[in-house]
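Chains as they are written, first to last, in full-length UniProt numbering: chain A, 1 to 469; chain B, 1 to 469.
Bear in mind the hints are in silico, worked out from the structure with no lab data behind them. Keep in mind that this is a model prediction, so the values were computed, not measured. A couple of the hints might just be wrong.
Which copy? The list can't say, so a pair holds if one copy fits it or any two copies do.
As the list claims (entries may be wrong) - Cross-link-like lysine-lysine pairs, in silico, BS3-like; alpha carbons within 30 Å at most:
hint, residue 1, residue 2
1, Lys-200, Lys-301
2, Lys-200, Lys-433
3, Lys-26, Lys-301
4, Lys-26, Lys-433
5, Lys-26, Lys-200
Protein chains: 2
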Amino acid sequence: MSEIELPESDSDAEVENQLDEDDRLKPEFVRAVLEAVEAGDDEAARTLVEPLHPADIADLFELTRQEDRAGLARAVSDLLDGDVFAEMNDYVREDLIDALEPHQVADLASELDTDDAVAIIEDMDADDQREVLRAMEPDDRAAIEEALSYPEESAGRLMQRELIAVPEHWTVGDAIDYLRGHEELTTDFWEVFVVDPAHKPVGTVALSWILRTPRGIAIGDVMQREQTLIPVDMDQEEVALRFQKYALISAAVTDATGRLVGMITVDDIVHIISEEAGEDILRLSGAGDGDINQPIGLTVKTRMIWLIVNLGTAMVASSIVGLFQATIAAFALLAVLMPIVSGMGGNAGTQTLAVVIRALATNQLTSSNTRWMILRELRIAAANGAMLGALIGIGTYLVFGRTDLSIVIAVAMIINNVSAGLGGVLVPITLDKFNVDPAVSSAVFVTTLTDTMGFFSFLGLATLWGLHG
Amino acid sequence: MSEIELPESDSDAEVENQLDEDDRLKPEFVRAVLEAVEAGDDEAARTLVEPLHPADIADLFELTRQEDRAGLARAVSDLLDGDVFAEMNDYVREDLIDALEPHQVADLASELDTDDAVAIIEDMDADDQREVLRAMEPDDRAAIEEALSYPEESAGRLMQRELIAVPEHWTVGDAIDYLRGHEELTTDFWEVFVVDPAHKPVGTVALSWILRTPRGIAIGDVMQREQTLIPVDMDQEEVALRFQKYALISAAVTDATGRLVGMITVDDIVHIISEEAGEDILRLSGAGDGDINQPIGLTVKTRMIWLIVNLGTAMVASSIVGLFQATIAAFALLAVLMPIVSGMGGNAGTQTLAVVIRALATNQLTSSNTRWMILRELRIAAANGAMLGALIGIGTYLVFGRTDLSIVIAVAMIINNVSAGLGGVLVPITLDKFNVDPAVSSAVFVTTLTDTMGFFSFLGLATLWGLHG
């Protein structure tokens, strides 16, 4: 009766205590780790961090302030393997990698498939990169140097060279024996590529097919001949769209001569899909890549550039108001109402802009339906402009009891909403035609348009009509 | 010499001619198909469409105007299989499905895995749904009815019931023989789940491990015990984040008692990741789901609601200007400059908002780093506010030569930029704490703040100082 056996520490239950229901590290867990590090109790910190998944260890570093990261890294250094670095935000990784010796970086990179190793090495400056490469095994080094020879954000950087390729005449049994007999082969694959003697891909077999097929059947008879190939210089955004469109799990990467040079798997694509889809909101607002781990000086600079451009356009709009100073001096109520006209145009323009930018990014808006899209947005703008014009006209009449003012503001509202809709669809489509990223540049043009058009139509009509207080 | 052999029609080359370099259907191809349909030459249309991938056939329907879709569907009806419908945009699919008889829909759904069948059936109205279910085989029907019993956008709707589960004591050889011996099993799987006698998942084995392991080894010895389980009622957005974070290819779905009830594969998740990441820009602008295939009346209504809310906030801001009518009447130049102050605050606020909304959506901003984030944004706002204030102050002095006016606009600009930064970070974080989607509601609050604060600080300071023309 006196001996009560305590339940053994259960690693699953521990993980439960570290993450909230959204798989985010709990603040009390993060705090406990950092307090242990600060108290010099590295062993306690290590015990806390050890059961975490590499992605969560990476998160832990991202949630830690820059000045505390080195201490944390020292405390849990033996848990900091290549997988953790591969999962880490670029800025945080750079920060940690900078503190390591070249041979330590080389060791980390050697554990990884080419794509993850490249991710770690590609952002280092040229000298450090050279030193790291020099410290690596010749094979690994050659693979990474080849990857680095492809443009940034291209398929060549994303792909791993570790893949399984077999000749067409092999049987399913040959393939299985080959896989069982070669320990050094990658285990990170979901399809086997079938190649001709020139190492050009001729088909692909999902592993489930290999498993379900009797050993004697030829690979050529079970493979799927139609496959989606990725050219090695394709931009990662296009790669992501292709994976998404055709629901690919992995795909062969080929060089200019059509030879199989690598493989991209969907797990390397998933974060690109999310990044590419999410970055438009950041670009539209001029927030750069919006990375919260970016050094603050760089963030200030990125946003500042955008704000200065917008200051220029705000001055253009303001100079329109300047044309009508006499009208405003005679009737100050116009200055009270004019921001409503310009602001509502801005809102309507942003709606159209957001829809068009998404439709372009997802390949839903193509030259096949451009005309239809423009007409669609024009109809929406006309409908909403008429409705808003009526509302504001009636409202103005009820508050100020002046028919002339009500008609002027209603008409200005309609004019500005229709220009907003037209600008919101024409500007991004035109930029896209000239291969300028519409998410980056559209807002400047559309906001300038809705501001100037709003002020000009409202104050212009008021002046024409000779409105005064 | 007289007989020249023409090259055989090469289906690959044809596909090349149908798609541009971004995998979008070429406009001339779309036109050729629609012209054939219009000319009544269904056979020609069919020949053109036949080599396309189901995802491209789905695209073809999305690029076709609503009034022409029925004709196209009739012409290529035998190519319209379940896979095509599964790839189709919701609105376009509904449009086509509405025109089909219940037993036709039932046939389509029967070809598909549960998740895709559910996608086709879930949007039908209750009566049609009942009829379709009645026309299905009892097994398929039960699977779909069970899926429909889970909440919309939950894991239960996304999962397929077709999966491979084996007991722990089986050997690799047993598993392979089982797969070879049962033709009716799904081929769409990448991992085998290992379950205990109560059908609870205890581990998972990637197919590459099964292939590489000798037949005699027990599954229990090669399986990975740590696995990420998805509760059947989890929201699809959380599922997507979990797949992304842990780079999953497939995951077991469990019910409340922990039993294995289904499987979600990454190809079903990829479009959700893209959708969830891309929808924030649409929500922030009040453009609803921004689907260009949405019926136009619904689009007008969705955007209108948002515009009316913004009309309300614009009137609040305008009423602030109204407080200072006398100041403006005495000095109309203030009305010229005031939109610059409010507009620049709006721009800065939107930048912060976009960054914070993305950081919340990607789980990068958690309660562990909220305080740090608020301080970070405040510092950025102060830096940019000071810079913009100096710029506009100097500019105003150079143009209008008035020290008083320059100081007033510079100070107002600083005040408004700092409030914008503070609002841009506090509003979404607060909304998120109360489980309100920050992307939907933040902009109203932040824009109202930057407008009113811009007008109030600038006109208020000008009034206090007694500025006049």
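Results for each hint:
Taking the shortest alpha-carbon separations for Lys-200 and Lys-301, neither the intra-copy value of 47 Å nor the inter-copy value of 54 Å comes in at or below 30 Å. For the identical chains of this complex, Lys-200 and Lys-433 are neighbours neither inside a copy (34 Å) nor across copies (54 Å), given an alpha-carbon limit of 30 Å. Taking the shortest Cα distances, Lys-26 and Lys-301 never come within 30 Å of each other, neither inside one copy (32 Å) nor across copies (41 Å). When the C-alpha separation of Lys-26 and Lys-433 is checked against a cutoff of 30 Å, the pair qualifies only between copies, where the shortest distance is 15 Å, while the shortest distance within a copy is 46 Å.
Proximity of Lys-26 to Lys-200 under the C-alpha cut-off of 30 Å is restricted to the inter-copy arrangement: shortest distance 27 Å between copies versus 49 Å within a copy.
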